[in-house]
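The listed protein sequences correspond, in order, to chains A and B. Residues in the first sequence are numbered from 1 upward in steps of one, following my numbering. Residues in the second sequence are numbered from 1 upward in steps of one, following my numbering.
By construction, these hints were calculated from the structure, which means they are not laboratory data. Check before you lean on any hint, since a few could be wrong.
Same chains, same names: a pair is fine if it fits in one copy or spans any two.
[To be verified] Under the rule of at most 27 Å between Cα atoms (straight-line distance), these lysine-lysine pairs were calculated in the DSS-like manner:
| no. | residue 1 | residue 2 |
| --- | --- | --- |
| 1 | Lys212 | Lys24 |
| 2 | Lys179 | Lys57 |
| 3 | Lys64 | Lys24 |
| 4 | Lys179 | Lys101 |
| 5 | Lys24 | Lys168 |
| 6 | Lys30 | Lys83 |
| 7 | Lys73 | Lys101 |
| 8 | Lys61 | Lys217 |
| 9 | Lys80 | Lys217 |
| 10 | Lys57 | Lys168 |
| 11 | Lys179 | Lys24 |
There are 2 protein chains.
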Amino acid sequence: MKKLLIASTSTLHGSGYLDYISEKLSVFFKSTDTIIFIAYARPSGLTLAAYTEIAQKAFDKIGKKIIGLHEFKNPEKALKNAKGIFVGGGNSFVLLNELYKLNLMQALKSVIISGTPYLGTSAGSNLCGPSIGTSNDMPIVYPPSFEALGIIPFNINPHYIDPQPESKHMGETRATRIKEFHHYNSQSVLGLREGSFLEITGDEITLKGTLKARVFKQGVLAYEINSGTDLSNFK
Amino acid sequence: MKKLLIASTSTLHGSGYLDYISEKLSVFFKSTDTIIFIAYARPSGLTLAAYTEIAQKAFDKIGKKIIGLHEFKNPEKALKNAKGIFVGGGNSFVLLNELYKLNLMQALKSVIISGTPYLGTSAGSNLCGPSIGTSNDMPIVYPPSFEALGIIPFNINPHYIDPQPESKHMGETRATRIKEFHHYNSQSVLGLREGSFLEITGDEITLKGTLKARVFKQGVLAYEINSGTDLSNFK
Numbered sequence: 001m002k003k004l005l006i007a008s009t010s011t012l013h014g015s016g017y018l019d020y021i022s023e024k025l026s027v028f029f030k031s032t033d034t035i036i037f038i039a040y041a042r043p044s045g046l047t048l049a050a051y052t053e054i055a056q057k058a059f060d061k062i063g064k065k066i067i068g069l070h071e072f073k074n075p076e077k078a079l080k081n082a083k084g085i086f087v088g089g090g091n092s093f094v095l096l097n098e099l100y101k102l103n104l105m106q107a108l109k110s111v112i113i114s115g116t117p118y119l120g121t122s123a124g125s126n127l128c129g130p131s132i133g134t135s136n137d138m139p140i141v142y143p144p145s146f147e148a149l150g151i152i153p154f155n156i157n158p159h160y161i162d163p164q165p166e167s168k169h170m171g172e173t174r175a176t177r178i179k180e181f182h183h184y185n186s187q188s189v190l191g192l193r194e195g196s197f198l199e200i201t202g203d204e205i206t207l208k209g210t211l212k213a214r215v216f217k218q219g220v221l222a223y224e225i226n227s228g229t230d231l232s233n234f235k
Numbered sequence: 001m002k003k004l005l006i007a008s009t010s011t012l013h014g015s016g017y018l019d020y021i022s023e024k025l026s027v028f029f030k031s032t033d034t035i036i037f038i039a040y041a042r043p044s045g046l047t048l049a050a051y052t053e054i055a056q057k058a059f060d061k062i063g064k065k066i067i068g069l070h071e072f073k074n075p076e077k078a079l080k081n082a083k084g085i086f087v088g089g090g091n092s093f094v095l096l097n098e099l100y101k102l103n104l105m106q107a108l109k110s111v112i113i114s115g116t117p118y119l120g121t122s123a124g125s126n127l128c129g130p131s132i133g134t135s136n137d138m139p140i141v142y143p144p145s146f147e148a149l150g151i152i153p154f155n156i157n158p159h160y161i162d163p164q165p166e167s168k169h170m171g172e173t174r175a176t177r178i179k180e181f182h183h184y185n186s187q188s189v190l191g192l193r194e195g196s197f198l199e200i201t202g203d204e205i206t207l208k209g210t211l212k213a214r215v216f217k218q219g220v221l222a223y224e225i226n227s228g229t230d231l232s233n234f235k
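For reference, chain A alone in the conformation it holds in the complex (with noise of 0.2 Å):
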């Protein structure tokens, strides 16, 4: 039975990481007292041993030990046989050429759906629906696919921000990217804002955290769903 948490960030504004889930995540992790952790997305272009620190201090509060999953001879081995799974945020682009590198996609699915329990944030989120290709990140690397997980039927797109209408910068704002991203893309694409995040039991989908998310499907209007919502049914 699937059992993941997909949030839209690690770390709130004026908080430590990962503070703001670390009771949910006591319970998430209650079976295991390992977590595999994958650095591969490199936020800031941190070392893996530094992001593996850093997950470690996170996860030392809630008495749980964190290995990376680059410290493995067999990484393939090692997610057969990890029983808590962490693939944390940096660059989707680069985190997913190294899962694609090291052939571990396959399985890194594969153990998902026979129910190790999965905690992403932020391009760890992003893994888990059908492409990468909401991502908000730099293409700094060059992926032999933006195909990612699929363990959804919806893209992610985290940290969502709203379009701010004192700015007097003309980027595109994060709803203009999503609209573009559906003249191309058919799949929906669910705006996860900082310190939201899904749950995931089964085929049971549930909106969780104080926010509500932005829905964005294609040809239709986006609109707001509440905290609690249920996704089972989103696509």
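Given chain A's structure and the hints, the job is docking chain B onto it.
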């Protein structure tokens, strides 16, 4: 002799399309009454025809006729015969994908090097660097490569915006994204603020507009350069 204007944006806040640069364009395109418009970046998913109309309205003010490249049966020949080219902004992935699909990259590069005056804004400016790897756009289509025209030896980051210390948003700042870029790519990046543009005449590259630009070099702390700076040897 190469002749290009590479602009951060088509439009400044509170003014019309290309208004801020209109006088400059009148001089830049003085040797032709007709300009070929490459509309493929399709901002907001506009049709090619609708986007071309917007460009035509702006060029009406300086008495130039715009013809969309998509209107030609043989676009390669149209590029070869062009006396002026304008590549408008929108989505860099879509723009690059279309140019590769139509097999026009080499022809476009060749006429620019031969001296056909080229105006690029936003995505049309990204196109001039070695790659679109410092685009701000959403990866809504998967192009066969991120490699761009390489007319200049450094990448452009158009619509460059400084980190906003008062922001509570936890998405990466532009500066962080470019720092991440330099973990995987060696070419320098010029952050062009809205209103800035590069003027290229032969081998001379000069920063124009009233604003400073921000220079990002691999392994070097980012720094500012003034308008008027000679970038001919910048790489």
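Status of each hint after checking the structure:
Taking the shortest Cα distances, lysine 212 and lysine 24 sit within 27 Å of each other inside one copy (19 Å), while across copies they are farther apart (46 Å). For the identical chains of this complex, lysine 179 and lysine 57 are inter-copy neighbours only, at 24 Å across copies versus 39 Å inside a copy, given an alpha-carbon limit of 27 Å. Proximity of lysine 64 to lysine 24 under the C-alpha cut-off of 27 Å is restricted to the intra-copy arrangement: shortest distance 13 Å within a copy versus 62 Å between copies. Taking the shortest alpha-carbon separations for lysine 179 and lysine 101, only the inter-copy value of 23 Å comes in at or below 27 Å, while the best intra-copy value is 31 Å.
Proximity of lysine 24 and lysine 168 under a CA criterion of 27 Å is satisfied inter-copy only: 23 Å between copies versus 39 Å inside one chain copy. Taking identical chains as interchangeable, the C-alpha atoms of lysine 30 and lysine 83 lie at most 27 Å apart only when both belong to the same chain, with a minimum of 10 Å there against 68 Å between chains. Taking the shortest alpha-carbon separations for lysine 73 and lysine 101, only the intra-copy value of 15 Å comes in at or below 27 Å, while the best inter-copy value is 41 Å. In this homomeric assembly, lysine 61 and lysine 217 never come within 27 Å of each other (Cα to Cα): the closest approach is 39 Å inside a single copy and 39 Å across copies.
Taking the shortest Cα distances, lysine 80 and lysine 217 never come within 27 Å of each other, neither inside one copy (35 Å) nor across copies (41 Å). In this assembly of identical chains, the alpha carbons of lysine 57 and lysine 168 lie at most 27 Å apart only when taken from different copies (23 Å versus 39 Å within one copy). In this homomeric assembly, lysine 179 and lysine 24 never come within 27 Å of each other (Cα to Cα): the closest approach is 33 Å inside a single copy and 33 Å across copies.
Checked against the numbered hints listed earlier, the structure breaks hints 8, 9, 11; every other hint is satisfied.
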